[in-house]
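**Q** Those sequence lines, one after another, are chains P and B.
Start counting at 1 in the first sequence, then tack on 3, and there's your number in the working numbering.
Start counting at 1 in the second sequence, then tack on 3, and there's your number in the working numbering.
Note that these hints are calculated values from the structure, not bench results.
Keep in mind it's a predicted model, so treat the numbers as computed, not measured.
Fair warning: there could be bad hints in the mix.
Derived lysine-lysine pairs resembling DSS-like cross-links, with alpha carbons at most 30 Å apart [said to hold, decoys possible]:
id : chain 1 : residue 1 : chain 2 : residue 2
1  : P       : 183       : B       : 233
2  : B       : 47        : P       : 127
3  : B       : 266       : P       : 231
4  : P       : 185       : B       : 14
5  : B       : 231       : P       : 47
6  : B       : 14        : P       : 183
7  : B       : 14        : P       : 14
8  : B       : 231       : P       : 185
There are 2 protein chains.
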Amino acid sequence: MDVQEFREFGKAAVDYIADYFQTIRDRPVLPSVQPGYLDDLLPKEAPQTGESWQDVLQDVDRIIMPGLTHWHSPNFHAYYPTAHSFPAIVGEMMSAGFGCVGLSWMASPAYTELEVAMMNWLGKMLHLPEEFLNCSEGPGGGVIQGSASEVTFVCLLAAKERKVKELRQINPELTEGDIKGKLIAYSSDQSNSSVEKAGLLGSMPMRLLPADDKGRLTASVLLDAIEKDKAQGLIPCYVVANLGTTPTCAFDDLNDLGPVCNKEQLWLHVDAAYAGTAFSCPEYRHLLNGVEYAESFNFNPHKWMLVNFDCSAMWVKDARYLVEAFNVERIYLKDNHKGLAPEYRHWQISLGRRFRALKLWFVLRMYGVEGIQKHVRNQIALAQYFESLVRSDDRFQVCTSSMGLVCFRLKGDDRLTKNLLEKVHQRRNIYVIPGQFHQRFVIRFAVCSRITERSDIDYAWQEFLSQAEEIVPCSKGDIGEKKGIAAIGLCSAACEKICSEKSK
Amino acid sequence: MDVQEFREFGKAAVDYIADYFQTIRDRPVLPSVQPGYLDDLLPKEAPQTGESWQDVLQDVDRIIMPGLTHWHSPNFHAYYPTAHSFPAIVGEMMSAGFGCVGLSWMASPAYTELEVAMMNWLGKMLHLPEEFLNCSEGPGGGVIQGSASEVTFVCLLAAKERKVKELRQINPELTEGDIKGKLIAYSSDQSNSSVEKAGLLGSMPMRLLPADDKGRLTASVLLDAIEKDKAQGLIPCYVVANLGTTPTCAFDDLNDLGPVCNKEQLWLHVDAAYAGTAFSCPEYRHLLNGVEYAESFNFNPHKWMLVNFDCSAMWVKDARYLVEAFNVERIYLKDNHKGLAPEYRHWQISLGRRFRALKLWFVLRMYGVEGIQKHVRNQIALAQYFESLVRSDDRFQVCTSSMGLVCFRLKGDDRLTKNLLEKVHQRRNIYVIPGQFHQRFVIRFAVCSRITERSDIDYAWQEFLSQAEEIVPCSKGDIGEKKGIAAIGLCSAACEKICSEKSK
């Protein structure tokens with residue numbers, strides 16, 4: 004493909020994406036393909052000779068599009084939002100266009116330096132303590148990683164490094180193996196699976212301690228666990244606190260946990276993967292209070308901050324522990340500017356690095372801080388609107404509501420809610436996933452797409468209502484009596500509409 | 004930014020990339036900025052309100068471009084090639100445009116299924132043994148990872164899992180900790196730093212055994228190390244063989260190493276990050292012989308196969324060890340199609356996944372197998388041409404030449420070659436990096452850019468010659484005598500030209 008063809012293909016692809024996004028609301032959010040669908044549509048081997056881009060682009064439409072789950076459809080309410088914005092898409096494309104691999108400062112100074120600057124911008128936007136920032140005097144700093152999973156793991160390794168060093172200073176006769184075999188980590192049972200995985204990857208058992216009734220890990224529970232482990236000769240090392248858990252978006256209280264971690268010399272890592280973006284709004288910043296107790300902090304601009312996946316922002320108070328854990332220098336990587344710019348390859352798992360700072364820069368400049376705040380506030384308002392709809396119907400109960408996430412269920416046996424979720428899934432008009440809260444089965448409803456509007460929330464609620472009607476009919480209709488199912492209570496105005504239509 | 008603005012911005016960016024690539028030959032390959040250059044050019048904080056894309060694109064030109072090292076300049080001969088092609092760039096953009104996160108089959112069936120198919124296409128192109136392929140009956144399969152670093156680490160963890168399971172079956176009284184603390188891994192001292200890093204990350208000491216005079220790890224050296232470790236009560240577990248080492252592109256002989264690994268029940272991982280693409284050419288496929296002894300194999304389409312970073316292809320004979328090492332299931336990730344399509348999140352570190360299969364598909368279709376073979380052969384021919392130039396000048400010696408990489412030096416003391424490299428670096432006309440071979444300092448000259456031509460090789464050679472002339476003048480000129488430096492031998496025709504010009 005020559006440059007001229009690239010101009011044509013690239014622009015056709017831009018139009019394809021634009022058209023896709025303009026029609027995304029009308030597409031069924033979930034695909035209807037079965038596992039193995041692609042098998043029949045593709046040749047078994049790569050073609051021997053090249054094909055035209057026009058043919059390939061047609062096949063994207065024919066083969067790929069039917070197998071996409073439309074994460075940016077306003078009817079996508081599963082997981083948490085994953086970021087998607089036009090500035091970020093163009094940033095990703097230009098990064099690919101330059102195609103450098105930022106494995107050292109010299110390998111492309113702009114890669115490292117824009118990342119340093121963007122991590123300062125982000126950190127200031129969240130009012131992170133100065134000592135976390137690259138622009139501070141000390142050994143702290145920020146870096147872009149690929150995911151919160153990587154971050155949690157990388158910080159675990161740094162914590163291990165620090166603990167080994169600390170204990171060997173006190174007891175020089177201890178071997179690294181003696182110490183490493185006894186290290187132990189903690190988080191709450193509400194933490195993301197990636198936290199447990201970090202323990203597996205790093206060979207440090209991760210105790211998932213019971214959260215309180217608000218989904219929070221408390222200092223007293225943590226302290227109990229620490230005491231028990233110490234009594235058994237284990238060495239507490241690492242704590243992962245959650246600001247915005249995956250199941251219910253619960254917030255650990257850092258002012259509660261932090262002093263324990265500091266006193267016990269545990270590395271406190273704070274994971275705010277989703278909710279971190281909200282700390283850019285003054286009204287939510289208090290949830291980050293106590294972060295000064297932490298050694299590391301992470302949130303994902305690729306979740307709520309409109310920067311396409313992947314872009315996970317991580318800060319540490321002392322980057323030297325990372326560098327010491329990972330540094331495997333070779334002659335072909337030697338540079339002559341040590342100390343003047345960070346060598347980020349020592350801060351992460353891989354050697355190579357994409358230019359992820361570019362899309363971050365594009366988003367921050369083209370949205371501005373106010374644009375991001377507006378986006379956060381809009382999504383929270385939509386979630387609150389959904390919550391009000393759920394509360395208006397007595398058959399339902401809201402279990403939790405926090406940020407852009409509402410967890411709710413049908414009152415009564417879990418089977419009712421499971422049944423509801425199944426019905427909704429089968430219709431494929433909206434996409435939600437299950438969760439658990441206090442051992443009860445709940446439906447997680449997250450406001451995800453950037454283009455979700457109030458009418459989309461109404462649409463989703465109608466979807467739940469219409470299916471709930473089949474399970475627990477509204478007492479105002481006559482369907483319930485016919486089916487012999489006891490109606491639970493008064494239902495909402497929206498439900499009344501369904502009832503009256505059904506009664507006709 | 005609305006959709007219409009995205010159309011304009013996206014197309015302007017396509018043109019920007021196209022223009023960049025059309026002028027890349029004329030740009031100095033290395034930037035002339037100093038560490039910290041960006042600090043003065045950027046505000047200290049993110050803007051409060053959004054700015055126009057036109058302003059941002061202008062700033063890319065003003066701020067970013069001067070800080071880029073042009074990896075795709077035909078004067079870039081450092082490291083190894085990193086892939087860059089127009090189909091891949093558009094693939095990356097469309098992947099960002101769809102913006103799904105492939106954390107499960109249901110999260111976007113096309114993501115998983117295209118990856119399954121592409122890993123089959125690639126595996127067949129390389130004539131990998133059937134048992135590695137997704138389309139085989141057994142538990143083997145291929146997956147796209149972000150980097151060879153990740154792969155080497157992930158396979159180390161799977162090897163650990165397998166060894167623990169194996170030993171506990173024989174000795175149920177052994178604890179996991181007993182075993183894990185004694186595991187040991189091996190590779191050659193020629194392996195990439197990422198191999199040593201994998202050992203650090205996975206808490207398994209990585210012995211870097213001395214390679215032979217051709218840069219290869221031999222079975223006898225490996226066996227010696229294994230015996231010594233076993234005698235000390237350690238448990239040999241994991242071997243990383245290199246097909247194309249980073250320093251000199253040396254190839255371990257898998258038919259030599261493989262039987263030892265099998266006999267000793269070590270997990271043999273084969274890393275062909277750069278050279279793997281060449282196995283698509285029948286004349287180089289023999290270098291992969293013996294891969295049937297391996298448990299896992301990896302090469303990076305993002306190096307030589309024209310698929311932009313990141314895209315690292317990994318195959319395993321038995322994926323169950325990965326799944327068992329990493330599986331941390333949660334209710335919000337449950338799916339109902341188990342067994343019909345792989346859940347790739349259990350094959351890797353992170354939970355989320357980009358749609359990297361798309362750019363791979365674009366490249367394979369638009370180049371075809373023949374296009375990739377042609378690219379490989381062309382770059383090898385250019386390296387051989389460079390080698391012939393070096394050999395034509397008696398002041399130089401070629402230390403190794405393999406695939407697209409030539410390592411060479413000035414005869415005599417290492418300081419001469421170091422001096423040469425320094426001078427060449429200072430001029431910033433070409434970019435090469437140092438290496439070591441047999442304890443001697445060498446210059447690594449790799450043919451990297453897709454658009455490198457014979458004239459670019461001539462240009463690079465002239466660059467070396469002109470600077471060598473200042474260090475070891477050609478005996479035919481009179482400059483050497485004036486400076487009192489002993490000339491070493493006859494020089495090439497190209498050098499003669501310089502000499503005669505200087506003598507004028």
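**Q** For every hint, state whether the structure bears it out.
**A** So, going through the hints one by one against the coordinates:
1. Only pairs whose Cα atoms come within 30 Å are accepted, and residue 183/P paired with residue 233/B is accepted, the gap being roughly 22 Å.
2. Among the hinted pairs, residue 47/B with residue 127/P is consistent with the structure: their alpha-carbon atoms are about 9 Å apart, no more than 30 Å.
3. Restraint check for residue 266/B and residue 231/P: the C-alpha separation of about 44 Å exceeds 30 Å, so the hint is violated.
4. In summary, the hint linking residue 185/P to residue 14/B is not supported, as the alpha carbons are separated by about 56 Å, beyond the 30 Å threshold.
5. Among the hinted pairs, residue 231/B with residue 47/P is inconsistent with the structure: their alpha-carbon atoms are about 47 Å apart, more than 30 Å.
6. For the given pair, residue 14/B sits about 53 Å from residue 183/P by alpha-carbon distance, which is inconsistent with the 30 Å threshold.
7. At roughly 5 Å between alpha-carbon atoms, residue 14/B and residue 14/P fall within 30 Å of each other, so this suggested pair holds.
8. Annotation: proposed proximity of residue 231/B to residue 185/P holds, straight-line Cα distance about 27 Å (limit 30 Å).
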